[in-house]
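Participant: Listed below are the residues making up each chain.
Protein chains: 2
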Amino acid sequence: MKVNDWDKLVSGVKAGDVRSLSRMITRVENRADGWKKAMQQLYSGTGRAKVVGITGSPGAGKSTLVNALASELSKRGKTVGIIAVDPSSPFSGGALLGDRLRMAEVAVNPDIFIRSMATRGALGGLCQGARDVARILDAFGKDIVLIETVGVGQDEIEVVKTADCVLVVCVPGQGDGIQALKAGIMEIADIYVVNKADRPGADEVVADIEGMLSIADQGKLDTAPVVKTSAATGEGVESLCNTLFERLVHARNKEQWLDKRVREEILSLVETQIMESLLCAWQESGALNKMVEAVLNKKADPYSLVDALLPDLSKEALNRQTAKATKTIIGPENS
Amino acid sequence: MKVNDWDKLVSGVKAGDVRSLSRMITRVENRADGWKKAMQQLYSGTGRAKVVGITGSPGAGKSTLVNALASELSKRGKTVGIIAVDPSSPFSGGALLGDRLRMAEVAVNPDIFIRSMATRGALGGLCQGARDVARILDAFGKDIVLIETVGVGQDEIEVVKTADCVLVVCVPGQGDGIQALKAGIMEIADIYVVNKADRPGADEVVADIEGMLSIADQGKLDTAPVVKTSAATGEGVESLCNTLFERLVHARNKEQWLDKRVREEILSLVETQIMESLLCAWQESGALNKMVEAVLNKKADPYSLVDALLPDLSKEALNRQTAKATKTIIGPENS
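From first to last, the protein sequence lines are chains A and B.
Numbering of the first sequence is given in the numbering used here, commencing with residue 1 and proceeding in unit increments.
Numbering of the second sequence is given in the numbering used here, commencing with residue 1001 and proceeding in unit increments.
FYI, nobody ran anything at the bench for these hints, they're computed from the structure.
Quick caveat: nothing in here was measured; it's all calculated off a predicted structure.
Mixed in with the good hints there might be a few duds.
Okay, derived cross-link-like pairs now, DSS-like style, lysine-lysine, Cα gap no bigger than 27 Å in a straight line [stated by the list, open to error]:
#  : chain 1 : residue 1 : chain 2 : residue 2
1  : B       : Lys1014   : B       : Lys1078
2  : A       : Lys260    : B       : Lys1075
3  : B       : Lys1014   : A       : Lys298
4  : A       : Lys36     : B       : Lys1290
5  : B       : Lys1078   : A       : Lys14
6  : A       : Lys8      : B       : Lys1299
7  : A       : Lys161    : A       : Lys36
8  : A       : Lys37     : A       : Lys161
9  : B       : Lys1260   : A       : Lys290
10 : A       : Lys298    : B       : Lys1299
11 : B       : Lys1298   : A       : Lys36
12 : B       : Lys1299   : A       : Lys36
13 : A       : Lys298    : B       : Lys1161
14 : B       : Lys1036   : A       : Lys290
Stretch by stretch, here's where chain A covers chain B in the computed footprint (C-beta under 8 Å, at least three residues) [unchecked claim]:
#  : stretch
15 : 1032 to 1041
16 : 1203 to 1210
17 : 1283 to 1297
Facing chain B, according to a computed beta carbon distance under 8 Å, are these residues of chain A, among others [what the hints assert, rightly or not]:
#  : residue
18 : Val18
19 : Lys36
20 : Val108
21 : Cys241
22 : Phe245
23 : Arg263
24 : Leu288
25 : Val292
26 : Pro302
From the three backbone atoms N, C-alpha and C, an ideal C-beta is built for every residue, glycine too.
Can you make the complete structure from the sequences, with help from the hints?
Facilitator: Below, the structure written as structure tokens:
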């Protein structure tokens, strides 16, 4: 992609042009040549939007809830971007289509922009992808970005953890409660939502969560609230919206949280860039194929190979290189 | 840890000493100094054990099933290692303890060795960790290694994908079927297990799965079988065991599969080693802190920083380095 085209996209996004927004997201997701320079250009115009992560077990009605929440936010004059993080599965075409259909109501609202993101492969990048898309939506001028995950795996948890506020959605009648805990998502919640609250057992789920919190949060002043909703009918969504706004102001120890978020982003960008460059180089030279062959022919084991491949990872060498590099960007040591 | 100690552990594991096994797993998991050399020493004695991955939605009764399957395998004269992959959650202590208690029956069987592994942080390593532990169990002499995942996220899917055969466990009465698909786990199954088959709706789940498979596998000769079990009573477990043995012989296109597995392992080892070394170096020099500060003070954006940090990732430079390194292990180009 030409530098010129990127310039047009970036100024289009900044000017609020929806087609530029769509195109820029696609190209940044695909890591088209020059994507990083374009994100650098956008960067100064970001930091205004609030990002809300929504996760919970499959079948908890997250899509419907996100739909209802987006409509409510829109009614209150907020512009909304939705990022739906879907696992990439050859089987799931139908299910995802279903989701998008359920979202039809918000899809025709010009203040709401919806975007699906596929779960990436083993080399990761899902978190950074979500961060990038949220940032583009931010630069575009969206007030609130909702990130909805379909699953509750580690990857999805990492994605919602990049948000300013995390909603964990539970429903009555999904096993014995303890099972939900196993997924490891309870402790990342800023707000618990018990959805499908018109079903029997909703109050028990609320009591279960509050019981857990009273044990886990002993001594903390700022226990996460539990809100009941019935997203399909819209009940409780207004109250959820109020709680969300409260939390967005108060929820986190801002400084520590920002620090951690930036730290993770730098590491993730470094990791992805190194691995992508290596894969690309090895693909061209056939080096990886040769290594795999050597292991299969018992000429080498993976552990020895990796030791030989990465000879100079000493702290001294790495820090020498880092100091040299950061000097050009951040300035000399004493800055 | 001294080289001497590692030598003792490695020969202990090879000789079938359980205490050496436990200790070696812990030290390799913690990446204690010298772990890679020790794994190199073990490597030649591995490749015999069959690895079986078991995954499925929370509440599907995976632990009970793994328990029952291990007992059945033991009855048939096989020695078994179990790796339970648990998400690391401050809340989940109780639930995990519950799992381990349910496993009490197999825990007293000397032919069965159980090991829990926590889900790792953002820098990954869970897959490699499971691979390493499975390999140690293999070198120890276990015939079958069962890897059970608690969740169904991308991480857990990657873990079970390293197995020779994957069991996906479903249960009746968990939503509308389509929800289960969303998790993206259906397509990795070599065997589908419908557990808790004494509950109403079991046959419908079987029919649902078979219906999907008939669409997805059109033209394939080798459709994954669906087996009904009731792990709590033991019903169907014998039949599952038979199916498992059949699949372990026939299931995969061996060569392609091994190739892919080795490829992934090399990349994952490289990735982990680079990132751990960088983190370690940056922690000592404070370089990461300085970068984070620069971003927070708007002196730099993450994208520019990373560009500056990684200046020489050109294909030529990487391949020059790779060729030099692999030559010492694999031998010259024409090998």
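Participant: The structure should be examined with respect to each hint, and the outcome stated for every one.
Facilitator: Taking the hints in turn, this is what the structure says about them:
1. B/Lys1014 with B/Lys1078: Judged against 27 Å, a Cα distance of about 18 Å means the pair holds.
2. A/Lys260 with B/Lys1075: Roughly 51 Å separates the two Cα atoms, so the pair is violated.
3. B/Lys1014 with A/Lys298: holds, 19 Å
4. A/Lys36 with B/Lys1290: holds, 21 Å
5. B/Lys1078 with A/Lys14: This hinted pair is violated, its Cα atoms lying about 64 Å apart.
6. A/Lys8 with B/Lys1299: holds, 25 Å
7. A/Lys161 with A/Lys36: holds, 23 Å
8. A/Lys37 with A/Lys161: Distance ~26 Å between lysine 37 of chain A and lysine 161 of chain A Cα, so the pair holds.
9. B/Lys1260 with A/Lys290: holds, 13 Å
10. A/Lys298 with B/Lys1299: violated, 51 Å
11. B/Lys1298 with A/Lys36: holds, 17 Å
12. B/Lys1299 with A/Lys36: Given pair lysine 1299 of chain B, lysine 36 of chain A holds - Cα atoms ~17 Å apart, limit 27 Å.
13. A/Lys298 with B/Lys1161: With Cα atoms ~22 Å apart, lysine 298 of chain A and lysine 1161 of chain B stay inside 27 Å; holds.
14. B/Lys1036 with A/Lys290: Holds: lysine 1036 of chain B and lysine 290 of chain A sit about 21 Å apart, inside 27 Å.
15. 1032 to 1041: Contact hint for the stretch 1032 to 1041 of chain B vs chain A: holds, 4 residues under 8 Å.
16. 1203 to 1210: With 0 residues close enough to chain A, the hint is violated.
17. 1283 to 1297: n = 10 at 8 Å, threshold three: holds.
18. Val18: violated, 24 Å
19. Lys36: holds, 5 Å
20. Val108: Since chain B brings no Cβ nearer than about 24 Å to valine 108 of chain A, farther than 8 Å, the hint is violated.
21. Cys241: violated, 26 Å
22. Phe245: Check failed: Cβ of phenylalanine 245 of chain A comes no nearer than 25 Å to chain B, outside 8 Å.
23. Arg263: holds, 5 Å
24. Leu288: Holds, about 6 Å.
25. Val292: Holds, because the Cβ-Cβ distance from valine 292 of chain A to chain B comes to roughly 5 Å (cut-off 8 Å).
26. Pro302: With Cβ-Cβ at 5 Å, under 8 Å, it holds.
The structure fails hints 2, 5, 10, 16, 18, 20, 21, 22 (numbered hints given earlier, in ascending order).
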